[in-house]
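Produce the entire structure from the sequences given, and follow the hints as far as they go.
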Amino acid sequence: MIFVCAVALCGMQDPDLAAVVASESRRAGVIERCSLAVCSVMAMDAPGGGSGVVFDPAGFVLTNYHVVGEADDDYQLPQPPEPTEADLAAFRRKNPDAAPDAEQRLLARWKEEWRAEHLPRGKSHYRNKKVGLPDGQLYEAEVLGIDPGSDLAVLRLLPKKDGQQWPCCRLGDSDQLLVGETVFAMGNPFLLATDFTPTVTFGIVSGTHRYQEGAGQRMLVYPDCIQVDAPVNPGNSGGPLFNEKGEVVGINGRISIGDRGRVNVGVGFAIASNQIKNFLGDLMAGRHTEHGTLDMSAWFMNSGNGPARRRGVFVQQMFKDSVIAAAGVGLGDEITRFNDIEVRSANQLATLIGVLPSGTWTTVWYRPKQEESFGDERRISVKLATLDTGSSRDGVGDDARLASRSNRRLAAKAVERAWLDVDEMSAAVHWSRTGPDGSVVRAIRDGERLRLEIGELVLVREAAGKGHAIERGTARELTAAEAERLRREWTCNTMLWQRATSLPGLEGAELVGGVHVFGAPAFRFLLPGDGECEAWLFADGSPAGFTFRDPLRRAKVEWHVREQNLRVVVDGKLEPAWSSGNRSTGQADEAWFRRT
Amino acid sequence: MRLLPPAAWCLAGVLGAQTQDFGKAYSFAEREPRTRVEQVVDKLLPSIVKIHGASGLATISAYASGIIVSKQGHILALDQIMIQKDRTRVVLYDGSVHQATLLPEDLRLGVRLLKIDPALVQGELQPLWPPAAAEAQFRTGQFVVSLGNCFRLAEFSEKVSATFGVVVGRANTALRYRMADVKYDGDLILTDACNNPGHFGGGLFTLDGRWIGFNLRLLDSKETNTMLSAAIPTRDLLPYLEEHVLGKARSEAVAKNEPVFTGIVLFDKAGLQSPPAYVERVMPDSPAQALGLRPDDLIVHIDDYSIRTCLEFREILKKFAPGRTIKLTWKRGTQVSYGDLTLAKEPR
Amino acid sequence: MTKLCFLLFVMLCTGTAVTQRPVDPDEFVRLEPVLQAAIAKAAPFVVTIETFGGTRGASDKEGAFDGDAPPPPKPQKAKPAPDQKPDEQPKPTPMPPDQKPEEKPGGDKKKLPLVAPGFQQAQGKTSGVVLTPDGWIIVSRFALNLDPTTILVTVPGRGTFHAERAGEDTSRGIALVKIDASSLPVPEFVHPDTVRIGQWAFALGRTFATDEPTVHIGIVSARRRIFGRAVQIDAYTSPANYGGAVVDVRGRVLGVAVPLSPSGRNAGVEWYDSGIGFCTTIADIPDLLDRMKQGQVLQRGWLGVKFQSSHLGPGALIDETSENGAAAKAGLGKGDVILAVDGVDVANGPHFQMLVSSRLGGDKVTLSVRKKDAAVPANIGPIVLLDAPWSEQKQSKDAELPASFPLPEKK
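Protein chains in written order, with this note's numbering: chain A, 2 to 597; chain B, 6 to 353; chain C, 5 to 415.
Derived from the structure by calculation, the hints contain no laboratory data. Wrong hints could be hidden among the right ones.
As the list claims (entries may be wrong) - Below, simulated DSBU-like cross-link-like pairs (lysine-lysine); rule was C-alpha separation at most 35 Å, straight line:
1. A:K161 - C:K310
2. B:K227 - C:K297
3. A:K161 - C:K368
4. A:K124 - A:K95
5. A:K124 - A:K467
6. C:K375 - A:K161
7. A:K162 - C:K338
8. A:K162 - C:K297
9. C:K310 - C:K297
10. C:K310 - A:K162
11. C:K376 - A:K161
12. C:K368 - A:K321
13. A:K161 - A:K574
14. A:K414 - A:K370
See below:
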């Protein structure tokens, strides 16, 4: 409609010219809007730099790890300031019966609090970068999360005035790209943009799902990259690749070069946005994230003799202590499916594994090699090992290099912003699951009330701090452990909730990382309080699982959920043969929560 | 009910798209082609093959692309050192690897046909054939898609690369005079669709799917001291293909030119650097005298060729036969003149 | 109801995103005849430039137009230099095109980069654009790097003309030459303010002197690059089209394609065919063209100030001043903050560089400066900018490299 009007108004005689001008105008409009979010990322006082893209209005920037550079061994984090009189007064009010010499301890604890609130954890630190935006302004940005394994990093712009927001662009679906589709790269090649307006180049997708080896030391691998002929040059690193709709479908980071030195020859590589989504939770939480591996290599070849000869992907090498060997796979076995995707080439398998974070539980289908033929397809669950790029040096386990608490809270808010669908929680939710010994765990939740049936034992939460247990038909008081168990389940068991956005429990939550659940990336929200309670939610706000420390079993319990799929992990080990039962909503029956 | 914070700048391209199912990622399924470029690529990719051969010299890669030209398994490739008997393998669109036998090459074009056994191929081969002369026309400014396996990025069943650009121009013999590495002396299609090692042997296609060019290696243009992407027009491949695929006989007449005589004697000097083509003297009763050339004139052009040195002057004249009329351009002081000169036979 | 309000709110925030036009699947099919029509329209005023001889050998060293000494003034109507015969006056002849400067005859056969630092020569053909009907032609400075003794212009359909060299703008990479002609076809030049990023840009060249110009396609990548002088395009530019016209879909000239770089006037050739290309805009510089017609050699303006790169603004914090620069002479020094240039507020160091480097030598600027220990800014000026010296303009060997890419891939 608008197009037709445009033609009529311009009174052009040539319909081709009119169509071309209309297409140009459409494209220029999309580019103008997207350009606002493309930035130039530079070192604070050294030459050199690359590009980045703002993907959240709070100022979160996506870029390449190699643009951020190495951790700075000499970099000293800022010292906490002295507390003000008001701070001290408030602290004294909260701790009225402190000992007389408590002044010193008060000071020390206040400063510890400040550090936890404002500084990242971990041993290695990165200097703040200098970021130029198309508004002509320079901003300081702190480095949050890094992924040296596949060359990604997330920064956060420091506001120049309170509550400052920035134009942003969202990540699109890189799997929708087809060879021949028009794409645009934006960035600051050769640092030409003295006014920080990005350079825009045009081209087509030359290839998809390309696997590119790393530069060594397991770093800078590009397991799923988009090959483009849009000119990408040094300085474009970290900048976005857009489709015609204006969505970020990749982050440019790499080129092939010819004889002429480091200039573009028509082969550029961008990290696919769907791969980035797998790591976004960890990066926004400020972690040094790692990629997964099965510690094996497979080749596409012909194998087998006579009639059993087939062409496929076969295991060629594996470490003796690899997770895949421990799961029962041997040399020469054929890998047929990975996470329900048919494996058609060795590069494809490497891509499928390479885009997943370490620790992800995956499903592998394989055919064991036998004397004369190959056996039937078998299915195993394997937890990916780590392709270590040094995060273990940064701290222990989950502590490895987390952003400051205030940043983690900001990140949680940013993720929540993306949840558009907001359902009111109206009816009670019933939900059941069956364990390996046939015992059934059932849960019914209605607002503040929760009824948990673990086999024969029934625990009921009537309200915060009030509840009872029913054992062998008789009601009794909850033990401390049972009460705590109930509290933790009620706090973070998101599967009982229809939508996460109406959760009071997410107030004050911190984003502590990401987790990949049954083929989709989810975000980990650490909820305030004891018990290491985390609620896991997919990008659309639907439940992905939860974890807490179970006081009854004395173990760290994880539940991975997606529609009818269920996986239970206790202290890092898979508890097999759990099946998900019904999940339904309906009216709450008062009898469920009564004491008798 | 949670509202977006006021003045949120987030750009949602399509409402609700953020709630899409992340789980659909990595299905490796492909959507239907929508745009014309996507359709051309989708339709023609199965006809491009990957060729692996013996390792060549340091500057010649051991891989290239090729095009299927018949259902009997004929593959067209550039004739290179890597193509050797018993060591040349062709990888088809489905990832299957086939041993190739060699057919005789065409020395003039610098191409060679390979042949694989169609019985070993699962499914049907999808051959391409050069369009008839009229349809093989190409014009400057025509959009082209270039398909080939540059930098060996595609292995086995992975798709070869596609690049996009226009026909930059026609490289006629005058332009190509300064290009090394090209056996073929006919017109070439110049393009700015990227061409890289491995891409050659692939094809250049128009937006309506016509196969108009056969990719060459990057050319060294001495006119500009830059590298150019070029392709042989497919209509020039027809005689060779017809002979070896269809069995048609062809006659080849290779004429050798007799030396020509102009009557121009240049200020030439033996030595490393040939000087510009200044006329020293004009021989009497010669075509040059008839044209009015005088000593101290600077020969600038012969037809479309620009003449920079005496050496070039002599090289260009070798291309012509006696009796041919050439357009000569020369400079005298600040005056530039041109005229037609009919080449005579060299007097003996 | 709340859902509806929410929806409406989101729609407002996202603006025209929801009413976006769909992509035309046949966009390039329709663009093809438009492109060919634009080529046909522009072809008459894209000319071939040919140079012969040269007083300077190709090297990294400074020549007559480099260095701090001002170039020799050009007379209004220069008498044509008598053409030299090869054996009369021994002078360094330009290398024949067959020999690259790095290759020693019989030396090692390793394939070297084609355009190496210092290899900035152009000999033979490039392209040009007709400026006026009476024979003013815009050429690239690249074509004149060797100070050729002979310049020839071939106008399609009109023949070949001898050309006289006039002035140039070294900061813009263009020069003017004059041929004796009349009623030449003249293009329509587009003002850079009306150019939109993402619109088509077709780089036409006549270097190969065929009956049709060559064309390389791309889009407008950025406006106001090289400190406001050029539109950046991603169409491949190289000696094949240096000096040629970059046109839009209507065949109007956006600019003249030339090698350019922020570092200096001989740089930019190393970016040939890389997707980083520049076309100097013409419609916005009529006064400069007049000066060039009079034979003036225009250079980038130079204040002689380095700003501290870690200062995020507002204003530019001076880190050091060059001894011979205009800033030092005006009393500026380390620690001073430049807050405005000719009334325009300075956001930060790079913005300041843009404001000053967009000027030419001889231009005057007035600065608002807050001295190091002062509380209030004061106006300083007008300061006359000097021509940027060669040392400021030559491409530094260890130029700031952008974030390096990882190691090159397998080939």
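With the threshold set at 35 Å, check whether the alpha-carbon distance from K124 (chain A) to K95 (chain A) stays at or below it. holds, 32 Å
Quickly compare the C-alpha distance for K161 (chain A) and K310 (chain C) to 35 Å and report which way the hint goes. Holds, because 25 Å separates the two Cα atoms, which is no more than 35 Å.
Please work out if K124 (chain A) and K467 (chain A) have their alpha carbons no farther apart than 35 Å. Violated - the C-alpha atoms of K467 (chain A) and K124 (chain A) are around 43 Å apart, more than 35 Å.
Is it true that the CA of K161 (chain A) sits at most 35 Å from the CA of K368 (chain C)? holds, 33 Å
Is K161 (chain A) within 35 Å of K574 (chain A), Cα to Cα? violated, 47 Å
With the threshold set at 35 Å, check whether the alpha-carbon distance from K310 (chain C) to K297 (chain C) stays at or below it. OK: K310 (chain C) and K297 (chain C) at ~34 Å, within 35 Å.
Straight-line alpha-carbon gap K376 (chain C) to K161 (chain A), limit 35 Å: holds, 23 Å
Pair hint outcome, K414 (chain A) versus K370 (chain A) [Cα-Cα no greater than 35 Å]: Roughly 50 Å between the alpha carbons, so the hint for K414 (chain A) and K370 (chain A) is violated.
Restraint check for K162 (chain A) with K338 (chain C), where alpha carbons must lie at most 35 Å apart: Distance of about 28 Å is within 35 Å: holds.
Pair hint outcome, K227 (chain B) versus K297 (chain C) [Cα-Cα no greater than 35 Å]: holds, 32 Å
Verify the proposed pairing of K162 (chain A) with K297 (chain C), using a straight-line Cα cut of 35 Å. violated, 51 Å
Given pair status - K162 (chain A), K310 (chain C), alpha carbons within 35 Å: Between K310 (chain C) and K162 (chain A) the Cα gap is close to 28 Å, so the pair holds against 35 Å.
The structure shown violates the earlier hints numbered 5, 8, 12, 13 and 14.
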